[in-house]
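Chains as they are written, first to last, in the working numbering: chain F, 1 to 187; chain H, 1 to 609; chain V, 1 to 236.
Hints are not guaranteed to be accurate.
To be verified - Computed cross-link-like contacts, DMTMM-like style, restricted to lysine to aspartate or glutamate with a CA-CA straight-line distance of at most 20 Å:
no.	chain 1	residue 1	chain 2	residue 2
1	F	Lys125	H	Glu599
2	H	Lys598	F	Asp70
3	H	Lys575	F	Glu146
4	V	Lys174	H	Glu67
5	F	Lys74	H	Asp592
6	H	Lys575	F	Glu81
7	F	Lys136	H	Asp594
8	V	Lys117	F	Asp178
9	H	Lys360	V	Asp58
10	V	Lys174	H	Glu116
11	V	Lys84	H	Asp530
12	F	Lys104	H	Asp592
13	F	Lys136	H	Glu599
14	F	Lys136	H	Asp592
15	V	Lys57	H	Asp543
16	V	Lys53	V	Glu71
17	H	Lys598	F	Asp139
18	H	Lys598	F	Glu132
19	V	Lys117	F	Asp151
20	F	Lys74	H	Asp594
21	V	Lys42	V	Glu16
22	F	Lys74	H	Glu587
23	V	Lys84	H	Asp543
24	V	Lys117	F	Asp166
25	H	Lys353	V	Glu154
26	F	Lys104	V	Glu131
27	H	Lys598	F	Glu113
28	V	Lys117	F	Glu162
29	H	Lys598	F	Asp131
30	F	Lys136	H	Asp532
31	F	Lys136	H	Glu591
32	F	Lys149	H	Asp532
33	F	Lys74	H	Glu591
34	H	Lys360	V	Glu71
35	H	Lys360	V	Asp17
36	F	Lys149	H	Asp573
37	F	Lys149	H	Asp530
38	F	Lys104	H	Glu591
To be clear, the hints were calculated from the coordinates, so they are not data collected in a lab.
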Amino acid sequence: MAEQTASNKPVVATISLAGCFGCHMSLLDIDDRIVQFIDLFELNKSPVNDIKKFTKRAHVGLVEGGCCNDENVKVLRYFRENCDVLVSVGACAGNGGLPALRNKMPLQECLVEAYLDAPTAELGKAIIPYDEELPKLLDRVYPCHEVVKIDYYMPGCPPSAEVFWDTLTSVIKGQGFDLPVELIKYD
Amino acid sequence: MVRMKNQIQSIAEKYSNDRTRLMDIFWDIQDLHGYIPHKALRVLEESLDISTADLRETLSFYHFFHESPSGKFNIYLNKDVASQLKGHEAIYAAFETECNCKFGSVCMDGTFGLFETPCIGLSDQEPAALINLVPFTNLTPQKVKDIVAALRAGKELAALVEQYGYGDGANQQIKTMVCSNIRQLGPVFGEKISTGEGLAQSLKSTPEQVIEEVKTAGLRGRGGAGFGTGMKWSFCRAAKGSTKYVVCNADEGEPGTFKDRIVMTEYPEQLFEGMAIAGYAIGAQQGILYLRAEYKYMQDYLEGKLKDLRAKNILGQNVLGKSGFNFDIRIQFGAGAYVCGEESALIESMEGKRGTPRVKPPFPVEVGYLGCPTVINNVETLAALPYILKNGGSWYKGFGTEKTPGTKLLSVSGDCEKPGVYEIEFGMTVREFLAMVGAKDAYAVQVSGPSGECINAQQSLDRKLCHEDLSAGGSMIIFNKDRDLLKYMRYFMTFFVEESCGICVPCRAGNIVMRNNLDKIRAGHANQEDLDNIFAWGQIVADTSRCGLGATSRNPIVSSFKNFPDLYKKLLDEKTNPLYDASFNLEASVEDFDRALKEQNQIGRNVHA
Amino acid sequence: MPKITFKIDGKQCTAEDGQNLVEAAADNHVYIPTLCHMKGEKCLGTCRVCMVKVNGKDMAGCTLSVSEGMEVTFDTPELNDKRKALIEMLFVERNHFCPSCEKSGRCDLQALAYRFKMHIPRFRYRYPFFEVYSKVDKLMLEHNRCILCQRCVEFIRDPDTNRKIFSMRNRTNKSMIQVDYRLANKMSEEQIDKAVAICPVGAIIKKGQGFDEAYGQRKYDQHPIGYEVDGGTNSK
Ligand SMILES: Cc1cc2nc3c(=O)[nH]c(=O)nc-3n(C[C@H](O)[C@H](O)[C@H](O)COP(=O)(O)O)c2cc1C
Ligand code: SF4
Ligand code: SF4
Ligand code: SF4
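Build out the structure end to end from the sequences listed, making use of the hints.
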């Protein structure tokens, strides 16, 4: 268990992997409960506050997006090791979502189509971009639970603010969560 | 073009433009053209009054029908377990080298087409292949070389077969490589009986009395399900309808089974006579032998036997002088589909459709072939009838055990000295069985094929072969200690995956799910949860599937786990951090990317264009 | 027609003798979910989602006819889990990316998954490759979403010849729906609309008609599936 913080507030961390940040937007869309959120939770590593490294263990990690490159995998594993409970958030984290449309074809075909044969590619000069600094693409997009153990899933693209609220508040209480039917949506 | 149109039209007319005879029509077209051309479908569309899409529905279902040009010689190599145990790999490689093409394709000049197929009913003489449906047995790489060279040199296929069969060479009319390998006969099939005796005896009684006699004998179906034969007949006799059918299920698709093959080549008279007895009992005038395409080589032989029987008035009008009892038999070929052994799928296939098991109820005894009450019995069940009717039900009941009377033909293959067919009395112990077949070092026995049970030989020595203990359907495949058992269980799962008709969700999707988990286990990536999942999911597939295929597809895994738990447990992954999924391998996942960069950026057409 | 009584989970029900169980249940306000059965039509028995127990044996509800005194077990954790598993198999078997699907919000598969509270399938996604078939003038076949329920195969026929327009090709997981190109091009607008409507998922798509209902206004945005039968009482 994460050590109790000075404020005794449960610690939450969030990350966006191969996602569009739509899920994060939805999280911020909880209207006035954002104040309540700040009261109830302490936010550690997250793109929202730009904390780059965990400064303490988190109770709950929220992962948006699946894994499309090696960096996603490393970050996801880093999250898994630093969060007691890991929640897969949204369609992309759960089944790869839109990025996983490429899963139906070999990676090479995708890259050739996107960078070499694209109408905008400059003939003779186009290459598949690569640099030491750039992450390497995986052969396909992996849902998070194919890479690490995931404890809970929030459906939706993105999950509505209510789903975030319901999930966070019940997971923090140590309960599994039982979303009402009306809140379960895949789109 | 006009010629093809005429040809196709006359084929359709030969079968009265009857769409229910589509299987025969396709076979005739394929015999003529080597495949079923799209243009032929256009002609059939009008002749049979069904759409091209409908025709393709049937056409695309069966292994042996080709939608595109096939080879002059189409080689179907058995890939099943019995073949694997006898060196399938080397034969596979030899065919690819000699024919100069890959399995699943036709070679450049169109001479050879190479295809793989599950069990072809020759497990006692593997590796074996069918070349234009003629069996070639006990193959070696050298034999493959010789066969392919001879065919390439223009030699006739038939000229390559020199041995006489059946009856192990006794029958001088038939040349075939297929040996009967009857190793032991028992009190039923061992008895000399003259053709027509059992039927003559039956015709002296009323149909009801015949049914009673069969009930007294306690005969249960030998096709797997073990349903009481007399009971089945009485349902059909009672069913409303003036036209009824007797169908003999000779689809024999369960891997490792070949005892029906022996019945058909060695006891064809008894089989056909048995069908006539059944016909008399239920009030049918027409019998149909649904014969798997893998046994098409028996066609002339069996047709000849039917002719003989007609000459003897065992078939025909007023059979054996019994006025008003007319009965005849025709042969209907399948085209490669295990599921067509399921009785309602078999009926669909006989009606020229996909081999999709029907929604039940109604059962075939009420609504069967062409909507009429139909009895479907296994080859062995029917062939036992003349003996039973001649000697009486209580005679038959004297053999075997209290609950499973009678005798059983076993097809024995795999790691033993004497593969072949054995007639045993029910109740034989596994110990006796292993001694009988010369299996000195047996580790596991796959009893009744993949849909049956994989037993631990040494722990089951005292188990008895009978319905009340170890149900023996016919197939017995023996594995020695040095065999990688899970490799064969994986093959069996693939068998079910590939043979699922695809109509219902659990069987179509669930078998793959189970096989994927087995793969995960075999790769050393699974944890206890993955293992538990197989059984939970297997239960769901079994409970929700439409037919017996889905109901038993989990058996290879479930029974091998039950009897060899350590094989599984030692493969479980205990090293990987339980927070990670061991099957995800980061290095392997970026290989494609590295390769794409290398291939496209360095030698890529755009860069150097 | 004489009435008979039977029980579903102990609840007393009445029906016509021999009535189809799924339909008889609906008349008694019990929603037995199905993806293939259509009221008044012949039973297809493909999706298996309607599993019930009769005399302790698992049976597909759509294949059963009710009779006097019949006792049906329907709503148990075990049966519900089986139903859910079947739905989950369908999700992983093909590529269901709901956010980009025209049928989302009015798709029976999706709606049933909601009803059974599927957050994620328990099985691994397979991401098979299927091309969209778009040769027919007015419709497309989106194989990625097809659940092979056979509704289109059985219930859509060429009106002049009664020949099949849709059919199933291949077997096992290679099975897919195919259309008779020439007959499909003869289909009337109404018949295309019917095909689109009876397809429980977004596999039959009418060309030129996309997302024509707003998010929040679609059929299953209003009420969960089965609502018209049980008024929402049984959807937990
Ligand atoms: C997938 C499947 C395959 C079957 N294959 C065969 C077969 O090849 N031969 C056979 O006689 N019965 C087979 N059966 C059993 C038949 O459905 C049927 O029970 C049997 O033919 C009845 O004959 P019997 O009562 O004489 O055994 C199969 C059943 C299933 C579910
Ligand atoms: S699930 Fe939808 S909203 Fe969330 S990251 Fe993926 S695409 Fe964006
Ligand atoms: S068909 Fe239904 S389940 Fe499939 S993607 Fe479309 S909305 Fe989702
Ligand atoms: S296209 Fe639609 S109606 Fe036809 S089988 Fe597929 S899911 Fe069913």
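Practice prompt. Of all the hints given earlier, name the ones this structure violates by number, lowest first.
Written response: 30
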